[in-house]
Amino acid sequence: MKKYSAFTLIELLVVISVIGILVGILLPTLARARSSAVKVVCASNLKQIGYAVDMYGSDWKEMYPVAKYMPAPFISASVWPSLDWSMKDYLVRDDNQPNEVYRCSGDDQVYDVSGMSYNYQVRLSGKTLDEVFGAGSGHGGHWRRSMGDPSQMWVSRDYDGAAFELSTGETIEVGFFHDRRNLLFADTHVGNYD
Numbered sequence: 001m002k003k004y005s006a007f008t009l010i011e012l013l014v015v016i017s018v019i020g021i022l023v024g025i026l027l028p029t030l031a032r033a034r035s036s037a038v039k040v041v042c043a044s045n046l047k048q049i050g051y052a053v054d055m056y057g058s059d060w061k062e063m064y065p066v067a068k069y070m071p072a073p074f075i076s077a078s079v080w081p082s083l084d085w086s087m088k089d090y091l092v093r094d095d096n097q098p099n100e101v102y103r104c105s106g107d108d109q110v111y112d113v114s115g116m117s118y119n120y121q122v123r124l125s126g127k128t129l130d131e132v133f134g135a136g137s138g139h140g141g142h143w144r145r146s147m148g149d150p151s152q153m154w155v156s157r158d159y160d161g162a163a164f165e166l167s168t169g170e171t172i173e174v175g176f177f178h179d180r181r182n183l184l185f186a187d188t189h190v191g192n193y194d
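Numbering of the sequence shown is given in the working numbering, commencing with residue 1 and proceeding in unit increments.
In case anyone wonders, no lab produced these hints; they're calculated from the structure. Positions of the beta carbon are idealized from the N, C-alpha and C atoms, including for glycine. Treat the hints with care, since some could be wrong.
Stated by the list, open to error - 30 angstroms max Cα-Cα, derived DSSO-like pairs, lysine-lysine:
(1) LYS47 x LYS61
(2) LYS61 x LYS88
(3) LYS88 x LYS47
Stated by the list, open to error - Ranges of calculated distance between the beta carbons of each label pair, as one might list FRET restraints:
(4) GLN109 x ARG34: 39 to 49 angstroms
(5) VAL23 x GLU62: 50 to 60 angstroms
(6) ASP89 x SER44: 16 to 26 angstroms
(7) ASP54 x VAL113: 20 to 30 angstroms
(8) ASP149 x VAL113: 31 to 41 angstroms
(9) PRO150 x ARG34: 42 to 52 angstroms
(10) ILE19 x HIS189: 37 to 47 angstroms
(11) TYR193 x LEU26: 27 to 37 angstroms
(12) LEU26 x ASP149: 38 to 48 angstroms
(13) LYS61 x LEU26: 52 to 62 angstroms
With these hints in hand, go ahead and build the complete structure from the sequences.
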């Protein structure tokens, strides 16, 4: 018959401490991986919105979509532009469910209130590409000088850091949902910036 020996208390404590050290090393790494995954999902959503804005422009004589401003419950914000209503035909779900392309997965407050985790460059609202980038006549030259080229001008982005008072009297902090800000540019590329 074999004789089994049990772990001693010291061996058990050593094993527990090694496990604790490994957990301490892995948890920050896993948190960074989760943050990176959120950033990638949000960037992918912005890219889809960029393609939709581009399709909208093709259908509407090169006009940018008109901005929709946030409805109540946001009462202390002057403007909080978004695209959702003007893009409904370009970012459609067949099952009449909320469109998750408008949600950054790191956003647990703004989307629930407004249905959109991103805002929109209001200077583009209802303008033609020529007006924005300066081709042709009119005041386009001014836009070209002030805006630069399409690869340098943002169209949409994660909501930036601000606090808004709700009609209920509550204040919500609106900020970055990951460690850096995603920006969708007019040429439809998405960049990630501090």
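Hint by hint, which ones does this structure get wrong, listed from lowest number up?
-> 4, 9
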